[in-house]
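In order, the protein sequences belong to chains A, B and C. Following my numbering, the numbering of the first sequence begins with 230 at its first residue and continues without gaps. Following my numbering, the numbering of the second sequence begins with 3 at its first residue and continues without gaps. Following my numbering, the numbering of the third sequence begins with 2 at its first residue and continues without gaps.
Any given hint could be a false lead.
Claimed, not checked - Restraint-style ranges between C-beta atoms, simulated for each label pair:
1. C:Gln532 with B:Ser164: 27 to 33 angstroms
2. C:Tyr319 with A:Thr481: 23 to 29 angstroms
3. C:Tyr319 with A:Ile414: 58 to 64 angstroms
4. C:Gln329 with A:Thr481: 26 to 32 angstroms
5. C:Tyr413 with B:Leu107: 32 to 38 angstroms
6. B:Gly224 with A:Ile249: 29 to 35 angstroms
7. B:Leu107 with A:Pro317: 36 to 42 angstroms
8. A:Ile345 with C:Lys259: 55 to 61 angstroms
9. B:Gln239 with A:Arg552: 38 to 44 angstroms
10. B:Ile108 with C:Ser244: 50 to 56 angstroms
11. B:Ile108 with A:His302: 33 to 39 angstroms
12. A:Leu361 with B:Ile186: 41 to 47 angstroms
13. A:Arg552 with C:Asn337: 39 to 45 angstroms
For the record, the hints were derived by calculation from the structure and aren't laboratory data. Ideal Cβ placement from N, Cα and C applies to all residues, glycine included.
Chain by chain, the residues:
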Amino acid sequence: MSYILKRFVLYFLAFCVSLILNFLLPRLMPGDPVGTMFARFKGRLSPEAMDALKQSLGFSGDSLLDQFWAYLHSLSQGDLGLSVAYFPTPVTEVIATGLWWTLWLAGLSVLISFIIGTSLGILIAWRRGSWLDQSLPPLFAFLGAFPYFWLAMLLLWVFGFQLDWFPLRHAYGDDLEPSWSWLFISDMFRHAALPALSIILATLGGWMLSMRNTMITVLGEDYISLAQAKGLSSKQVMLRYAARNAILPNLTAFGMAIGFVVSGSLLTEIVFSYPGQGYLLVQAVRAQDYPLMQGLFLTITTSVLCANCLLDLLYVLLDPRTRSSS
Amino acid sequence: MKHLKWLSAILDNPKSKYGLILIALLVLFACIGPFLVVDPTQSLARPHQAPNLSHFFGTTGQGQDVLAQTIVGAGPTLFIGFTVGILVTLIGALVGVLAGYLGGLIDELLTALINVFLVIPGLPLAIILAAYLPTGMLSMILILTFTGWAWTARVIRAQTLSLRDKDFIKSAQVIGEPLWRILIIELLPHMASLLLSTFIGTTIYAIGAQVGLEFLGLGDMGSVTWGTNLYWAANDQALLTRAWWTYVPTGLSIALVGFALALINFGLDEVTNPRLTVDRIWRHRLQAMGYTFSRASVYIGQKQVHDFSQPSSPQALESAEKGGNDEA
Amino acid sequence: MKHNHLPLLQLSNLEVTYLSDLSQADTQDFISVQDVSFDIQEGELFALVGESGCGKSTLINAVLRTLNPPGVISGGQCFFLGSDLFQITESKLNQLRWSALSLVPQSAMNALNPVLNIWAQFQDVLEKHDQQDLSLKSSMSSSQIEQPSEQELRTLVVETLELVELSADVLKLYPHELSGGMRQRVTIALALILRPKLIIMDEPTTALDVIVQHEIMQVVLRLRDELGFSILLITHDLPLVLSLADRVGIMQKGKLLKVATPTQLLLEPQIDYIAQLIHASKIPIPKALNSKLTIESALPKHQAKTVTLKAKNLVKIYKQKSFWKSTQKTVLQNVNLELYQGETLALVGASGSGKSTLARLFMQMEQPTSGEIYLGEKRLDPKKVDRAFKTQIQMVFQDPFGALNPIHTIAYHLQRPLLIHQVCTAQQVRAQALALLESVGLSPAHEFIDRYPHALSGGQRQRVCIARALASRPKLLIADEPTSMLDVSLREDLLLLLQQLIQEHQLSLLLITHDLSTAQALADQVAILDQGKIVEQGLTTEVFQNPQHPFTQRLVKAIPQTPNLSASQNLREDQSV
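Hey, can you work out the whole structure from these sequences and the hints?
Okay, structure coming up:
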């Protein structure tokens with residue numbers, strides 16, 4: 230189990246680093262951006278709001294270490310400060326409104342993209358040299374070269390505005406109340422379709438190509454030749470022997486890339502006014518709401534780390550070599 | 003010079019060749035283009051004009067010329083992309099080679115650092131950095147380098163680990179070569195193609211991340227870059243007003259750059275790992291010899307063997323087809 | 002083919018071509034195997050021998066139809082059990098595969114799927130093939146005609162594992178949990194599980210230690226006698242083949258030169274290449290070396306010997322730390338060695354015995370946990386790396402293809418040590434490098450000096466490595482298996498060169514090897530290393546003639562003996578009965 234323990238220690242370390250970054254950034258930035266921010270907010274914010282903001286950004290006059298303990302203490306109670314844009318709502322409450330929508334959209338599209346991309350990679354590696362193998366990689370490389378949100382804009386324009394097949398914005402229809410009804414869930418899917426599609430199109434090629442290349446490496450291994458000499462059916466050789474081994478390095482790559490994809494999906498949310506973290510992020514940037522921005526950074530980092538933990542558990546399940554003690 | 007064969011080979015490989023040509027053209031365009039167009043910041047005409055003869059790409063919501071904005075925006079975007087690419091490659095190579103070669107405690111510390119930076123999502127980190135740092139090109143370069151170096155370091159470290167145990171490195175140690183010579187003269191040249199491909203990968207990342215940050219409104223909104231073009235297009239309600247021409251040219255340009263760079267990396271992959279293409283060549287040859295068979299008959303690229311000493315033998319063809327059907 | 006004695010496998014006029022990319026100007030198709038015909042009788046052990054790159058492995062891949070692109074079978078037939086393997090459909094072929102024709106692959110390390118346990122790797126082949134057939138073959142064949150139950154299959158697998166002397170416990174293990182020898186046994190058991198007619202064995206033992214090699218071949222021969230299958234053995238190990246095989250085919254450059262019995266080969270080699278191979282395989286005591294050795298050792302050697310290198314109570318322990326526990330691994334325990342000027346000491350041991358660690362300690366690439374190393378009179382400082390020391394000990398590595406950096410010319414490789422150790426001025430350095438090349442027999446030197454390593458053959462490269470090691474005028478040369486990566490026919494020349502250089506320069510040589518015959522040929526003294534301890538040490542002739550320690554006795558027994566003629570005659574008569 231030392232493998233999984235090592236990974237968890239790493240995630241804990243990464244979490245600590247992001248906490249420290251989060252704490253230090255407003256306090257150590259050159260040119261006093263927070264000071265200029267206060268100047269700008271003068272008159273716009275109530276005095277209580279200014280005080281709360283000063284407190285959370287480190288203008289209390291205490292020593293840095295004392296501030297850090299205070300920061301950790303309030304964090305442990307789920308207190309990330311008050312949002313400026315949505316004053317006086319606490320940051321945690323603001324984030325909570327969008328968190329599930331982001332997890333739903335990013336999770337859905339990342340999973341679909343990984344599954345389809347990996348399957349296509351297996352297929353084109355198995356039939357390498359075929360027309361499929363020669364046409365799919367360049368096609369998806371081209372699609373992958375677009376910024377996610379630009380692809381989203383294009384899809385929205387074509388399928389939303391021109392063809393009117395899909396809704397233009399939000400996570401569900403304005404006339405609906407969230408519930409577990411069939412009507413609501415199908416509406417949720419209809420709203421998620423375009424944003425998810427843009428993320429899937431942009432990321433699919435990466436999974437496909439890396440799976441293809443690891444498959445090709447694995448196909449040169451001796452155990453593949455032996456499996457064929459055994460007379461096993463080609464489906465068995467392809468899945469049980471080749472893909473089963475090739476998926477392992479791809480899972481590691483998936484863990485590394487998941488943060489990047491989730492970040493990209495935030496930008497997509499903006500295009501569709503999807504009420505997730507990305508939408509909050511753009512509000513925070515516009516209103517220069519530093520506490521909210523930092524809260525978002527922590528939330529996203531934590532979710533990505535959690536996703537990585539899950540992936541590692543899966544990895545241990547799939548690779549016996551990580552399970553042995555030696 | 004066998005070790006430089008891949009350099010001439012990427013010029014022979016059609017993918018990397020066209021990628022290089024495309025990127026060279028784009029860079030050339032970014033350099034001389036700004037002298038040929040009108041001022042992209044100036045409001046010159048009626049806003050949101052569709053493409054027409056006086057404004058080939060139409061105008062923005064502010065009445066600026068989209069063509070001029072697209073061309074002028076290329077310069078800073080590409081400059082930042084390539085600069086970050088170079089910086090990240092240098093830092094990543096330094097950290098990766100040192101960690102991989104020296105091993106021990108230094109390696110453990112550096113590896114922990116690399117891994118931490120790998121799992122912290124880059125864009126959110128870049129966002130809070132950009133929010134606090136003063137806006138400008140330098141900040142942008144620093145932010146993207148800071149959030150992007152870890153991947154390169156990881157790849158270079160892995161490669162160093164595999165090279166470190168080669169006998170020619172041990173030989174260099176045995177004859178008493180100093181450390182810097184072992185690293186720079188014996189080790190690094192073997193990673194030239196890897197460094198090139200990570201440089202290209204990083205450049206793609208840097209352009210994407212930069213455009214993303216600027217699209218959010220983090221960056222120097224007064225300058226003209228591809229990212230700010232898209233930011234203003236979104237800000238001016240380009241989608242609602244159906245002014246597709248305000249964002250399509252910029253997006254296509256970004257994709258063109260990314261695609262050209264990706265093409266170079268494709269070619270580089272094929273050159274350094276001939277296994278990736280050997281089947282294609284093989285198939286072409288067999289087809290040229292008069293064998294027509296479904297793709298599936300050559301599963302995992304091999305197993306259906308044809309006796310083509312007698313190409314007309316119906317038996318051989320039949321077996322090929324049958325084998326194919328088994329697979330399909 | 003209408004004779005009574007229908008051969009089990011009949012290969013005729015096989016040709017395999019590697020297709021090239023015609024769009025590349027300077028390439029053309031490469032015919033890897035050309036016009037190869039032979040047959041294998043029931044119960045026969047047919048061996049194919051040849052040096053690396055002669056097309057042996059391509060040939061078996063063609064027979065199994067597992068050729069990798071761009072290879073294609075471009076001609077010939079292969080009749081096996083009445084059908085042409087090259088013409089039948091994939092599904093027909095898959096029925097024959099393994100149930101009648103199985104394979105023991107070259108490197109058992111990678112031959113087993115790393116993510117499946119051993120049972121699963123047996124199970125899929127059992128499920129695939131005709132199970133009714135299986136239950137009949139099983140020795141505990143029950144009278145049931147239905148498909149055998151999982152329990153019966155398991156019994157069959159356990160029985161087969163017992164044949165290769167493995168217990169049923171391995172079934173739930175994964176490949177990485179097995180040692181190299183165990184994995185090889187598993188692949189043999191896997192090849193036997195369906196009781197095939199013919200087993201192709203592709204260098205089944207090369208990756209293993211001498212002792213394990215010997216044991217595994219014994220197991221295979223015993224099984225053949227018990228179960229009566231035929232073997233196609235692919236190997237480069239001629240001594241092994243001459244003592245085991247019924248018939249031998251000699252391959253060179255994709256052609257089959259000759260098929261004959263071992264006796265015929267020994268009596269009348271006929272073809273130069275075969276004679277050369279046989280000669281090289283007898284390397285155990287080549288006459289030339291032997292005579293030189295005896296002359297040398299008769300001379301003042303035993304008087305007033307100067308010690309070049311001394312190791313006193315060397316201990317090396319590796320500590321592995323993780324978060325909650327630290328483990329220790331003792332690699333060397335109390336090693337004592339003395340090496341005299343002008344002499345050769347062979348350090349013999351299996352892989353993992355600690356011999357490479359010992360070399361690294363001498364080279365100061367690592368520091369000993371305790372103990373002392375002396376070079377001449379001077380003690381090596383364990384705290385810091387002594388530069389002057391480095392001039393005095395040099396090393397020749399195992400793999401000549403890896404030891405020269407492909408991006409530098411031969412001149413660069415030779416000039417660097419000359420400059421680093423200030424053997425000569427920058428003006429003289431090229432002349433010195435040329436002289437070094439001449440001294441290792443690369444003559445005329447100016448033809449070699451500006452080439453890149455890839456333009457030289459393996460033997461030539463190893464000579465460059467020796468020249469480089471000599472450049473700093475060392476007193477002691479450590480050679481780590483210097484010939485093991487070379488083809489047999491080149492080994493003798495290189496050993497002779499080493500011998501000659503040692504005498505010319507009054508060098509001491511520490512020869513690290515697992516190959517007793519090399520040790521026997523070159524060394525004045527041997528030290529046998531087993532699990533970090535020196536178990537036996539002494540004059541070469543004494544140790545080999547009268548091994549004391551059980552480990553040494555096993556080693557000596559594992560040396561493949563070239564059979565004398567009467568023995569192989571007997572073997573043949575046994576076969577014909």
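Do the hints match the structure? See the list:
Between Gln532 (chain C) and Ser164 (chain B) the beta carbons are some 29 angstroms apart, a value that agrees with the proposed interval 27 to 33 angstroms. For the pair Tyr319 (chain C) and Thr481 (chain A), the beta carbons lie near 28 angstroms from each other, so the given range of 23 to 29 angstroms is met. Separated by about 59 angstroms at the C-beta atoms, Tyr319 (chain C) and Ile414 (chain A) satisfy the suggested range of 58 to 64 angstroms. About 31 angstroms separates the C-beta atoms of Gln329 (chain C) and Thr481 (chain A), a value consistent with the hinted range of 26 to 32 angstroms.
In this structure the supplied range 32 to 38 angstroms holds for Tyr413 (chain C) paired with Leu107 (chain B), their Cβ-Cβ distance being about 34 angstroms. For the pair Gly224 (chain B) and Ile249 (chain A), the beta carbons lie near 33 angstroms from each other, so the given range of 29 to 35 angstroms is met. Take Leu107 (chain B) and Pro317 (chain A): their Cβ atoms lie about 49 angstroms apart, and the range 36 to 42 angstroms is violated. Checked against the hint of 55 to 61 angstroms, the pair Ile345 (chain A) and Lys259 (chain C) passes, with Cβ atoms roughly 57 angstroms apart.
For the hinted restraint 38 to 44 angstroms between Gln239 (chain B) and Arg552 (chain A), the CB-CB distance of approximately 56 angstroms leaves it violated. Checked against the given bound of 50 to 56 angstroms, the beta carbons of Ile108 (chain B) and Ser244 (chain C), roughly 53 angstroms apart, stay inside it. For the hinted restraint 33 to 39 angstroms between Ile108 (chain B) and His302 (chain A), the CB-CB distance of approximately 35 angstroms keeps it satisfied. Between Leu361 (chain A) and Ile186 (chain B) the beta carbon distance is about 44 angstroms. The supplied range of 41 to 47 angstroms therefore holds.
Against the hinted window of 39 to 45 angstroms, the Cβ-Cβ separation of Arg552 (chain A) and Asn337 (chain C) comes to about 42 angstroms, which satisfies the hint.
Consistency note: the structure conflicts with the earlier hints numbered 7, 9.
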